[in-house]
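Chemist: Construct the entire structure; sequences and hints are all you get.
Residue strings, one per chain:
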Amino acid sequence: MTTDAWFAGVTSDESDGPDDTDEAVAHIREGRADAPADWPAQAVESGFAATEEEYYQKLRAATLAAARTAAAERERADDKQLVHAVRAMDDAERTANELAERLAEWAGTLFDDAGSGVGYARELAGREAETPAEQPVVSFAGRVADLADEADDLREFIERRAPDVAPNLAEMAGPVLAARLMSLAGGLDALAKKPSGTVQVLGAEDALFAHLAGRATSPKHGVIFTHEYVRGTRSEDRGSAARAFAGKLTLAARVDHYGDEFKQELHDDLRERIETIRARADEGDEDGGDDE
Amino acid sequence: MSDRDQSLPSGVERRTFDERERLATQGLPVYGEPTDGDWRVWDAGRSKLGAMLELGMDTGLVGDETVLYLGAASGTTVSHVADFAGPTYAVEFAPRPVRDLVGVAEDRDNLFPLLKDARKPETYAHVVEADVDVLVQDVATRGQARVAARNAQFLRDDGRLLAAIKARSEDVTADPSDVFDDVVDELAEAFEILETTRLDRFHDDHLGVVARPK
Ligand SMILES: C[S@@+](CC[C@H](N)C(=O)[O-])C[C@H]1O[C@@H](n2cnc3c(N)ncnc32)[C@H](O)[C@@H]1O
Chain F
1 MTTDAWFAGV
11 TSDESDGPDD
21 TDEAVAHIRE
31 GRADAPADWP
41 AQAVESGFAA
51 TEEEYYQKLR
61 AATLAAARTA
71 AAERERADDK
81 QLVHAVRAMD
91 DAERTANELA
101 ERLAEWAGTL
111 FDDAGSGVGY
121 ARELAGREAE
131 TPAEQPVVSF
141 AGRVADLADE
151 ADDLREFIER
161 RAPDVAPNLA
171 EMAGPVLAAR
181 LMSLAGGLDA
191 LAKKPSGTVQ
201 VLGAEDALFA
211 HLAGRATSPK
221 HGVIFTHEYV
231 RGTRSEDRGS
241 AARAFAGKLT
251 LAARVDHYGD
261 EFKQELHDDL
271 RERIETIRAR
281 ADEGDEDGGD
291 DE
Chain Y
1 MSDRDQSLPS
11 GVERRTFDER
21 ERLATQGLPV
31 YGEPTDGDWR
41 VWDAGRSKLG
51 AMLELGMDTG
61 LVGDETVLYL
71 GAASGTTVSH
81 VADFAGPTYA
91 VEFAPRPVRD
101 LVGVAEDRDN
111 LFPLLKDARK
121 PETYAHVVEA
131 DVDVLVQDVA
141 TRGQARVAAR
151 NAQFLRDDGR
161 LLAAIKARSE
171 DVTADPSDVF
181 DDVVDELAEA
191 FEILETTRLD
201 RFHDDHLGVV
211 ARPK
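Listed in order, the protein sequences are those of chains F and Y.
Residue 1 is where the first sequence starts when you use UniProt numbering, and the numbers rise one by one after that.
Residue 1 is where the second sequence starts when you use UniProt numbering, and the numbers rise one by one after that.
Since the hints were made in silico from the structure, they are not lab data.
Do not take every clue at face value.
[To be verified] The list that follows gives simulated cross-link-like pairs (lysine to aspartate or glutamate, EDC-like), each with its CA atoms no further than 20 Å apart:
(1) F/Lys58 / Y/Asp107
(2) Y/Lys120 / F/Glu30
(3) F/Lys263 / Y/Asp100
(4) Y/Lys214 / Y/Asp58
(5) F/Lys58 / Y/Asp109
(6) F/Lys80 / F/Asp4
(7) Y/Lys120 / F/Asp34
Modeler: Here's what the structure looks like:
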């Protein structure tokens, strides 16, 4: 049936411009048919195209646009998966560490060589329990190790996916920090809309509220502190580094959200800027403070 | 008659690159393959259909046909298909490779990319025409025979299914020959099997299948 065809109801008049392309794209993306038919012939019969050759040209334009927009939309939707994954990873890591502490305390009562941390849990999990009293401890260690493994798997997932979802942000911040920024903002779209001053203190909400309540100085950086660009800059210059970094991160998030292309200049600019800020330390400090 | 290899469709030739005979098609390069003028190498090591041709399977391809290609990924193989075939519909369901596939299609007049799931032909039957000459399938996912059966409706009566079956996609632990037997049995419900050849020289644990609708 011609009514099922992707071009059904799409006007053939070129002068209608972008509207019919939008319509055609929507049909390609959302339409359905129970069975294929000789669409090129029907398109010519119905007057949608003058010739089959022209039909294929129109088909090409519509499928290209549909595939492009559908792929971009689906990829963007993947940011929500990253947000959940990074939250789950943080929970799994924190819980594994807490349980590892509990384990260390318990194991200390049974084994002379008891250690601590997740590493010790992994080691203990690989052992055979020699007495009935050791059994629950070794089993518990196994759970801790599994949880830590899960956190590692989640980290791997994030490292693999983030560069597809947000290539510039992932390159600049590293995949995990990129996911964390998206998580704190509530998604890539939300991050792309935030001013850079907000991005700079994302994750420092407690400190920010304390500041607003008059109980503390304003925070210079939030979660971006974990990045080498900020942490690795001497403390007098950290505010400048955090501001420069947040500025470029904001741009990266916008390029990823609206554009999708990898922009090398963005990364080169930032590297230069950080180098300049750090060079102050060697220049004997004449303008070591914040350049606000 | 030219001395052209009779098992190759027109538009595909064996040409010498770096003193080696390689398959080649004419078109803009896509994946960094060696080129010579407007000819570019069709790397059988990166393409299962390329391997099927390289191994001399009788694909029935002559050139200029209408093709439905399932599992196009970023377009490595389907770009060569579009070089020698007519209208070529390329279905791929992962968004990331489709971004690249769109780039490949932008350089070609007859390649139509579709971000669709090959297990749901009703979502593209309003776009893909009936009676295509060739159905190429390289989906590397569980249920490969079922995907082919569901898409048989697009093929003309004497059309060809050219499928690459990946054993590990069906069962990672089973012996590949057992997996292939099962998949071919299942394919035989909807198709008449014309030829099967292991592609191991180029692709480990893959089987090439040529078939036509029953
Ligand atoms: C081995 S790769 C294909 C390589 C490609 N044919 C080439 O040679 O250039 C398999 C592709 O099939 C896709 N795929 C798997 N299941 C699919 C489905 N149900 N629908 C569409 N594509 C699918 C995968 O996303 C992947 O890109």
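Chemist: Hints first: check each against the structure and report whether it holds.
Modeler: Hint-by-hint comparison with the structure:
At roughly 16 Å between alpha-carbon atoms, F/Lys58 and Y/Asp107 fall within 20 Å of each other, so this suggested pair holds. For a cut-off of 20 Å, the pair hint linking Y/Lys120 to F/Glu30 stands: about 13 Å separates their Cα positions. For the given pair, F/Lys263 sits about 17 Å from Y/Asp100 by alpha-carbon distance, which is consistent with the 20 Å threshold. Under the criterion of a C-alpha separation no larger than 20 Å, the hint pairing Y/Lys214 with Y/Asp58 is consistent with the structure, at around 18 Å.
Proximity of F/Lys58 to Y/Asp109 is assessed by CA-CA distance (about 11 Å); at most 20 Å being required, the pair is judged to hold. Between F/Lys80 and F/Asp4, the direct Cα distance comes to roughly 34 Å. Violation of the 20 Å bound is thereby established for this hinted pair. A threshold of 20 Å between alpha carbons decides the hint, and for Y/Lys120 with F/Asp34 the separation of about 10 Å falls inside it, so the pair holds.
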